[in-house]
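Novice: Sequence:
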Amino acid sequence: MSNENKQNKTSKISDFVNQKIVPPIMKFVNTKGVKAMTDGMVSALPFIIIGSVFLIFANFPVPAVSHFFAKTGWSVFFNQAYNTTFGFTSIWAVVGIAYTYVKNEGLEDALPAGLTGLSSFFLLQNLQVDNPLNTALKSGITDVAGNVTMKASMVEQSIHQLPQAVQHFITSPVTNVLNITFQGGQGMIAALIIGLLVGWGYAYMIKHNWKITLPEQVPAGVSRQFTAMIPTGVILTISMLIYAAFKTFMHTDLLTWIYKVLQIPLQGMSDSFWGALLIAFAVTFFWFFGVHGGLIVGGIAGIFLLPNTVANAHLYQTGKLTLANGAHIVTNEFYNNIINLTGSGITIGLLIFTLVAAKSTQMKSMGKLETVPAIFNINEPFLFGMPMVLNPWLALPFFFVPVVVAALTYGAVYFGILPPLNGVAAPWTTPIIISGFFIGGWKWAVWQAIILVISTLMYWPFARRYDKYLMNQELANEKQEETAKEA
Numbered sequence: 000m001s002n003e004n005k006q007n008k009t010s011k012i013s014d015f016v017n018q019k020i021v022p023p024i025m026k027f028v029n030t031k032g033v034k035a036m037t038d039g040m041v042s043a044l045p046f047i048i049i050g051s052v053f054l055i056f057a058n059f060p061v062p063a064v065s066h067f068f069a070k071t072g073w074s075v076f077f078n079q080a081y082n083t084t085f086g087f088t089s090i091w092a093v094v095g096i097a098y099t100y101v102k103n104e105g106l107e108d109a110l111p112a113g114l115t116g117l118s119s120f121f122l123l124q125n126l127q128v129d130n131p132l133n134t135a136l137k138s139g140i141t142d143v144a145g146n147v148t149m150k151a152s153m154v155e156q157s158i159h160q161l162p163q164a165v166q167h168f169i170t171s172p173v174t175n176v177l178n179i180t181f182q183g184g185q186g187m188i189a190a191l192i193i194g195l196l197v198g199w200g201y202a203y204m205i206k207h208n209w210k211i212t213l214p215e216q217v218p219a220g221v222s223r224q225f226t227a228m229i230p231t232g233v234i235l236t237i238s239m240l241i242y243a244a245f246k247t248f249m250h251t252d253l254l255t256w257i258y259k260v261l262q263i264p265l266q267g268m269s270d271s272f273w274g275a276l277l278i279a280f281a282v283t284f285f286w287f288f289g290v291h292g293g294l295i296v297g298g299i300a301g302i303f304l305l306p307n308t309v310a311n312a313h314l315y316q317t318g319k320l321t322l323a324n325g326a327h328i329v330t331n332e333f334y335n336n337i338i339n340l341t342g343s344g345i346t347i348g349l350l351i352f353t354l355v356a357a358k359s360t361q362m363k364s365m366g367k368l369e370t371v372p373a374i375f376n377i378n379e380p381f382l383f384g385m386p387m388v389l390n391p392w393l394a395l396p397f398f399f400v401p402v403v404v405a406a407l408t409y410g411a412v413y414f415g416i417l418p419p420l421n422g423v424a425a426p427w428t429t430p431i432i433i434s435g436f437f438i439g440g441w442k443w444a445v446w447q448a449i450i451l452v453i454s455t456l457m458y459w460p461f462a463r464r465y466d467k468y469l470m471n472q473e474l475a476n477e478k479q480e481e482t483a484k485e486a
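When we follow numbering that gives the first Met the number 0, the leftmost residue of the sequence shown carries the number 0, and every step to the right adds one.
Since the hints were made in silico from the structure, they are not lab data. Accuracy of the hints is not assured; some may be wrong.
[Unchecked claim] Keeping only pairs whose Cα atoms sit at most 25 Å apart, straight-line, the calculated BS3-like set for lysine-lysine is:
id: 1; residue 1: Lys-150; residue 2: Lys-319
id: 2; residue 1: Lys-478; residue 2: Lys-358
id: 3; residue 1: Lys-102; residue 2: Lys-26
id: 4; residue 1: Lys-31; residue 2: Lys-206
id: 5; residue 1: Lys-206; residue 2: Lys-34
id: 6; residue 1: Lys-363; residue 2: Lys-478
id: 7; residue 1: Lys-31; residue 2: Lys-102
id: 8; residue 1: Lys-26; residue 2: Lys-206
id: 9; residue 1: Lys-70; residue 2: Lys-150
id: 10; residue 1: Lys-70; residue 2: Lys-319
id: 11; residue 1: Lys-102; residue 2: Lys-206
id: 12; residue 1: Lys-363; residue 2: Lys-206
id: 13; residue 1: Lys-34; residue 2: Lys-102
id: 14; residue 1: Lys-358; residue 2: Lys-467
id: 15; residue 1: Lys-246; residue 2: Lys-259
id: 16; residue 1: Lys-259; residue 2: Lys-206
id: 17; residue 1: Lys-467; residue 2: Lys-367
id: 18; residue 1: Lys-467; residue 2: Lys-478
id: 19; residue 1: Lys-210; residue 2: Lys-31
id: 20; residue 1: Lys-442; residue 2: Lys-319
id: 21; residue 1: Lys-19; residue 2: Lys-31
id: 22; residue 1: Lys-19; residue 2: Lys-34
id: 23; residue 1: Lys-210; residue 2: Lys-102
Whenever a hint applies, use it, and build me the whole structure from the sequences.
Specialist: What follows is the structure, encoded as structure tokens:
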């Protein structure tokens, strides 16, 4: 097939994608709800990153240092900081989403909506935790280091010697407390739903004047609180009735129901082998046609991958990070630091070719331009300057390097070659190898180095052909210029 035919075929496919596929997807991405979710969840980002630092120190990868922190009691302090930052991800999400929804509706005072969302989130969950003795009856009593100091059989025998009324009292749930589990990953989907509904309901009522308006002489700060009173009262009353219905008729709470019915299946889909391949392919597919694949895929997939990250972080904190204990393979860091390593399409292999073997002026100059950004996983110079967009010469590796890497990575974790990712949230700009060490230890750092080799091997033959094509074009242009000068 000639170059001209290739370009024509690519142009037809591009027109079809841009006219038939991209518009409905962008329409969905730009809906009020999705924008509120993606923008609102950014509120949690500082706490996730800072909490990740505390998580690293609480479970330091160097045994001698970790033992020192545990012996001196610093691990307890680090865990406290982690629990109240990273561990409260759902709280930050519900506040951020309700606030962002109302803000995007053009209403100036959106903070009351965020606080109403938080209050509703707490109201709709059972404020209790299982009695620690129930856990002790199954696994025994352990000390801070996790060593069993009293076997389960001994605990059970000791409790059974007490009167029945006392047994019931000391094994009953502990009430009037927050279940930290639902403030983190397990409550994420509920936080998204509650945040959206509260944001929508609050904005609707304010826009339809469901509010108390005070005279102009009343200070603005006081007047704003009265403005929020009716919408907040309506939303919290409805939340109370929902809580009562679930408690009375289903003997559960809304957050537990959402977790079992919605979140577990959704996390299962995002955490599957085919889910990983679809995410990997979709990013470069959209980029190839000039649409920001990271924005579209990251905005949608992140909603389901972030709970996976939080769940893994909790397992890592408690020393139970294994697939058998429910650890997830595909997390937000799988997306940021593996599928998109060194940028969409994992173009590090193409960069290596441009620096080592490229002969055309265009590829060599683009390689020099991309070198520094690639360190921080930014490859826009390649996407638009090489270009990768609508480039049939580099389309196959651009599409399939992330897919191959996703498949191999998933398999490596599934078969125990790599441990599950530990939930530490390394920013997507963290350089290769360093990010691998943070998100999973030295094995993941080595794996990122292997990904570099995979990318190079897959890009090399296609890059060499493209380089030869560019060289021929450059030589032809030079001859035309020389001929023009002689004429």
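Novice: Against each hint, give a clear statement of whether it holds in the structure.
Specialist: Hints, verified against the model:
Proposed proximity of Lys-150 and Lys-319 is supported: the alpha carbons are some 19 Å apart, at most 25 Å. Note on Lys-478 and Lys-358: the hinted pairing holds, with a Cα-Cα distance of about 18 Å set against a maximum of 25 Å. For the given pair, Lys-102 sits about 20 Å from Lys-26 by alpha-carbon distance, which is consistent with the 25 Å threshold. The straight-line distance between the Cα atoms of Lys-31 and Lys-206 is roughly 16 Å, inside the 25 Å bound, and the hint therefore holds.
Annotation: proposed proximity of Lys-206 to Lys-34 holds, straight-line Cα distance about 20 Å (limit 25 Å). Between the alpha carbons of Lys-363 and Lys-478 the distance comes to roughly 21 Å, so the proposed pair stays at or under 25 Å and holds. A distance of roughly 11 Å separates the Cα atoms of Lys-31 and Lys-102; the hinted pair therefore holds under the 25 Å criterion. For the hint pairing Lys-26 with Lys-206, the CA-to-CA distance comes to about 24 Å; that is within 25 Å, so the pair holds.
For a cut-off of 25 Å, the pair hint linking Lys-70 to Lys-150 stands: about 24 Å separates their Cα positions. A distance of roughly 20 Å separates the Cα atoms of Lys-70 and Lys-319; the hinted pair therefore holds under the 25 Å criterion. This hinted pair checks out: Lys-102 and Lys-206 have alpha carbons roughly 12 Å apart, not beyond 25 Å. Pair hint Lys-363 plus Lys-206 does not hold up; C-alpha atoms about 57 Å apart against a cutoff of 25 Å.
With a C-alpha separation of about 11 Å, the suggested pairing of Lys-34 with Lys-102 holds against the 25 Å cut-off. A hinted pair counts as satisfied when its Cα atoms are at most 25 Å apart, and Lys-358 with Lys-467 qualifies at roughly 8 Å. Between the alpha carbons of Lys-246 and Lys-259 the distance comes to roughly 16 Å, so the proposed pair stays at or under 25 Å and holds. Taking the CA atoms of Lys-259 and Lys-206, the gap is near 35 Å; set against the 25 Å cutoff, the hint is violated.
With a CA separation close to 18 Å, the supplied pair Lys-467 and Lys-367 stays within the 25 Å bound. Using a Cα cut-off of 25 Å, the hinted pair Lys-467 and Lys-478 holds, with the two alpha carbons roughly 17 Å apart. A threshold of 25 Å between alpha carbons decides the hint, and for Lys-210 with Lys-31 the separation of about 23 Å falls inside it, so the pair holds. This hinted pair checks out: Lys-442 and Lys-319 have alpha carbons roughly 18 Å apart, not beyond 25 Å.
A hinted pair counts as satisfied when its Cα atoms are at most 25 Å apart, and Lys-19 with Lys-31 qualifies at roughly 22 Å. At roughly 22 Å between alpha-carbon atoms, Lys-19 and Lys-34 fall within 25 Å of each other, so this suggested pair holds. Of the pairs offered as hints, the one joining Lys-210 and Lys-102 holds, with about 17 Å between alpha carbons and a cut-off of 25 Å not exceeded.
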